[in-house]
Every structure is written in structure tokens, then in C-alpha cells.
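As given, the protein sequences belong to chains R and H, one line each in that order.
Residue numbering for the first sequence follows the numbering used here, beginning at 1172 and increasing consecutively.
Residue numbering for the second sequence follows the numbering used here, beginning at 27 and increasing consecutively.
It is possible that part of the hints are untrue.
To be verified - Below, in silico cross-link-like pairs of lysine-lysine (DSSO-like), each with a Cα-Cα straight-line distance of 30 Å or less:
hint	chain 1	residue 1	chain 2	residue 2
1	R	Lys1260	H	Lys208
2	H	Lys103	H	Lys158
3	H	Lys208	R	Lys1421
Claimed, not checked - Pair by pair, the computed Cβ-Cβ distance ranges are:
hint	chain 1	residue 1	chain 2	residue 2	range
4	H	Arg179	R	Gly1407	24 to 30 Å
5	H	His136	R	Ser1175	22 to 28 Å
6	H	His136	R	Ile1308	36 to 42 Å
7	H	Glu42	R	Phe1192	54 to 60 Å
8	H	Ala100	R	Thr1418	20 to 26 Å
9	H	Gly28	R	Leu1348	55 to 61 Å
10	R	Ile1299	H	Arg179	49 to 55 Å
11	H	Glu42	R	Pro1337	18 to 24 Å
12	H	His95	R	Ile1299	48 to 54 Å
Rather than coming from a laboratory, the hints here were simulated on the basis of the structure.
We put the beta carbon where it would ideally sit given N, CA and C, even for glycine.
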Amino acid sequence: MNLSYRIYYVFLRNLVSYKRFVVSTFLVSLVEPLFYLITFGIGMGAYMGMFGGKPYLYFLVPGVLVSSVMMSSSFECMYGTFVKLVHEKLYDSLIATPVSAEDAVAGDIAWASFRGLVSGVLMMIVAILMGILPVSILSVFLLFVLMIFVGVLFASLAMIVTSVAPSFDFFNYYTELIITPMLFFSGVFFPLDRFPSWMKTLSRFMPLTHAVNISRAVFSGEYDPSLVASFAVIIGLEAVAFYIAVTAMKKRLIK
Amino acid sequence: MGIIIAAEDLTKKYGEFTAVAGISFEIREGECFGFLGPNGAGKTTTVKMIHCVSPVTSGTLTVDGRPAHIDNRALKKITGIIPQEIALDPDLTVYENLIIFSKFFDIPRHEARRRIAELLKFVELEARRNSKIDALSTGMKRRLLVARALLNRPRLIVADEPTTGLDPQARHLIWQRLRELKNQGSTLILTTQYMEEAYQLCDRIVVMHQGKILKEGVPSRLVEAEIGREVVEIRIPREEDEAVIRQLSGFSCGHERVGDTLYFYCRDGHDMMKKLTELDVHDYLTRPASLEDVFLKLTGRSLIE
């Protein structure tokens, strides 16, 4: 893989263009998680009683945090990248400069994970304003780190989808068949303990499950040994997804 | 003058389809070299291999003494591309487009600012510095593409059909700028379907068709060798061809019937015109032979799709 520091230049290009969309994307990034927090957290939470001695929102927030990162970074690498690739032909201009195809793709993945981080941070601010606080400053810092990892993972997975997408419609398959189910079967909204065992097994194959596990543990400061495995899954899958994403996109770009 | 680009048996295949079929050519430093050909002749594919965005299937291609390769950043650094499609960044302003692009070439910021000011002047877009791309006319967009291609002070400039869709004023402005660049010592590679463009700019051209080079040479000499000096177009019914050809063959070096027109290629149309008046043929036209005649003679006058 022909990667270089020029990844940063691609990131920078996205940052400069972001100026024009910043208000609308902040709004979208805020409204969606707020919707979850209010409907599930306050509305449903009223019937849920205590979760491990704390209100339901303490259970919900860490999950929604990483799932909003997943959503933002996935969508950026699907719709955002597809527009740049097919409609604006930006990639063609990029690869005619010393920026390699790998740099260009990695730069967009980095950008998408940054967008994920922004969503996650906005979400955390909302949670803090609602009085739902991570256990310590260290937790906040670790959550940021986790969000970056989760962002790169889902950006890379989405990039693989984009590398074979013939049109926008194609993204519906990924969103409806992979992303949405993952949101509901990864323990974001309710614990997995009462699921039948086959569903528990299935959920273990979903990367979001592991991200939610870690997020919840970091948020509450209650760590347990299974987190090592969850972290390993995320890192391992991330490395593989990134490699496939860059290679597959290069194949699409260079003919 | 040294050789800056050398291709030997250069071939490009997309799966089963052969886009470039084993061509060889040399481009000298400082000249303007043109690739002419109809759609699908392999011009763009050839220049894509030259500026290292498309891998060579077989044969050799060296640029500035180094093999052309998609990962060859050193070659991309000395090359400026004026692309066929208007691939500007619509999310950025004119200035932002240029400043971001100069980053890709590692040009320091203060130097980039200086060059951008210079280049905006060069392409007459100073007043549009902060415009959005959507607000520009096609001519302005093409000029911005020229400016963008020059940010890295390229030794090699590749212009892939740089005036497609432009009105005559805008086209002439681009031509002038390209000639200026050549005079400053850059090597220019041009692909075009416009014969006048090739005539105006190119020192040497190759005519490509179906992935092969049909002819190579200096435009004016190619016209003279392939066609002659003048072309007489006669519009008569096909049945009269034989008689007219018999009468006129002494004056011409060749003839061709296409559709409703009989073409005669000749050194001097004067005698032929006299003869035509004698024969009482009045529906004819004499004009200087052009590169277009060469092009059509070589690639055929029928539609290519």
C-alpha cells in the first residue's frame, strides 16, 4: 500500500469544504441522538426502572454514543465519498497529483471518522447537559479514543460498500440489512441477556456489540476481562476492513 | 532537444478490449505533440498512461528517463494535467481550489499564494477569486483548470481535449496561453478532435485510429503529403462520376466519393476549375487542403460510434 503523509491533505480538503455544511450537519448530528435520548431514554425509560442501580439513561447514553459515531462515519463514506467519486470526479483529479489512490481513500476514511467523532462529541455534550456524566475525566478521554477507533472501523466497512456501489440505491442494502439490524441487536437500547442464545451468538459477530460493551464499561468505570476480547475484535476487524477498503477502492479508481 | 517521452510497443487492454494496440512514439523536450483521432481512438488512454494514472499492460513507456507507473510520485510532480472533464471541486471557491491543489504538490503556503495570484492573472480570472465554481461559465472553468495544472510549474503539460465545448473567444484564449507555455519551454501533449487546434498548437502530431498510430508528422507536411494543397469538392449525381473523373484525373493526385460529394485532391486547383467550367459543372467548391482532410482520409469519412 502506497500510503503517505498526504492523507492529511485529503483530510484538509474535506475540512475546508465542510465550512459550508457545518451548520446543517451539526443539526443532523444533534437531532438524531436527541430523538433517541428523548423517546427511548425519557419516554421508555420511565417504565424501565433502574438498570444496575442507575436510571435507564446511564445504560442508553454509552450505546447511543458509539452508534451515532457508526452512523455518521458510515454515511460519510457512502454518500459523501460516492458523490466525490462519481459526480464530482474529485478522485480523478487527486490521483493525477502526487497524492496516491491509497492516500485519497485513507484521507476520506480519516475524514469520515472525524465526522463520527464530531457526532459522538455533540452527543456527549447533550448527555452531559442532561446530567448523564461519564465517571471521570479519564473516561471522557478514553471514550474519545474509542470513538476514533469505531469511526475508522465503520468508515472502512462503508468504503468497501462504496467500492462496489453502482449507484446511490445500492447503499440502501447496506443500511437496511446491516446497519439498522446492528443498531437493534447490539445492546444499544436493551441488554442482551434475555435474548435466546442464538441471538446472543449472532450479536457477538456484530462489531457494534463490542463497541457498545467497551463504551458502557468506560462510561461507568466498571471494567471486566471480556473487554480485552471486544477490543481485539474491533482492532482486528478494523485492520482487515481498512486494507480491503483501500485495495478495493484503488481497483475502482485505477483502470 | 532531448527525448522526454519514449513509448515502445505500448499496449493497453481493458479485459478483452484493446484500447491501445502496440504503439511507438517519441516526444521531444519543449515541443507540442498532438494525438489526433476520433472518439475511442485511444488518445486519452495513451495520455493517461503517460501521466501515470493508468497502468501499462505491455510494452515500455518512459517519461523523463523513468518508467511510467501509477505509484511514481516523482513523475506526477513534474506533470500538469488539464483534464477533459471539468473536474473542479464544486464545494470550494476558485481560490480554495487552487490553494488545496497546491498542497497536494507540497508547495509552501506563501509560495502557493504568489503562484495563485500570478496564475489567476495569466488566465484572466482575478476578479473571480472568491467565486464558487457553479457561478463560473464553462470557459472560466476551463481556464481555471489550466491555472490549476500550472501550480506545480510542470515541465510536462498534458492537455486532454482542453477546449471542448468552448466558444471561439474562450478557445483562442486557451490556445494563446498554451502557446505561451510552450514558448516558456514546457513540453506540451495535446489530444484533440479539432483539427484547427492541432494546426494552431502542434509541432508534430500522430493520427490515431482504433488504438493504432496511422501517421506521424509535422501538420503542414502531412497535409501536403497526404492530400496536396487544395481540395475541390464537386456535388454531382453519382452516375456522372465516371465521366468527370476521366476528364479531371490528369489534374489531381486522388479522388474520393463520399455521400453527395466527389472530392479531388490536388496541388493546384486552378486548372481543374477551368476544366470544370468547360465541362459546365458549377456546383463545386475549391478550398485549401486541411488537416481535417488528412484526418478524414485516414480514419474514414463514415461515422465512428
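Hints versus structure:
no.: 1; hint: R:Lys1260 with H:Lys208; in the structure: 28 Å, holds
no.: 2; hint: H:Lys103 with H:Lys158; in the structure: 27 Å, holds
no.: 3; hint: H:Lys208 with R:Lys1421; in the structure: 34 Å, violated
no.: 4; hint: H:Arg179 with R:Gly1407: 24 to 30 Å; in the structure: 46 Å, violated
no.: 5; hint: H:His136 with R:Ser1175: 22 to 28 Å; in the structure: 23 Å, holds
no.: 6; hint: H:His136 with R:Ile1308: 36 to 42 Å; in the structure: 40 Å, holds
no.: 7; hint: H:Glu42 with R:Phe1192: 54 to 60 Å; in the structure: 43 Å, violated
no.: 8; hint: H:Ala100 with R:Thr1418: 20 to 26 Å; in the structure: 23 Å, holds
no.: 9; hint: H:Gly28 with R:Leu1348: 55 to 61 Å; in the structure: 58 Å, holds
no.: 10; hint: R:Ile1299 with H:Arg179: 49 to 55 Å; in the structure: 52 Å, holds
no.: 11; hint: H:Glu42 with R:Pro1337: 18 to 24 Å; in the structure: 21 Å, holds
no.: 12; hint: H:His95 with R:Ile1299: 48 to 54 Å; in the structure: 52 Å, holds
Going through the hint list in order, the structure does not satisfy hints 3, 4 and 7.
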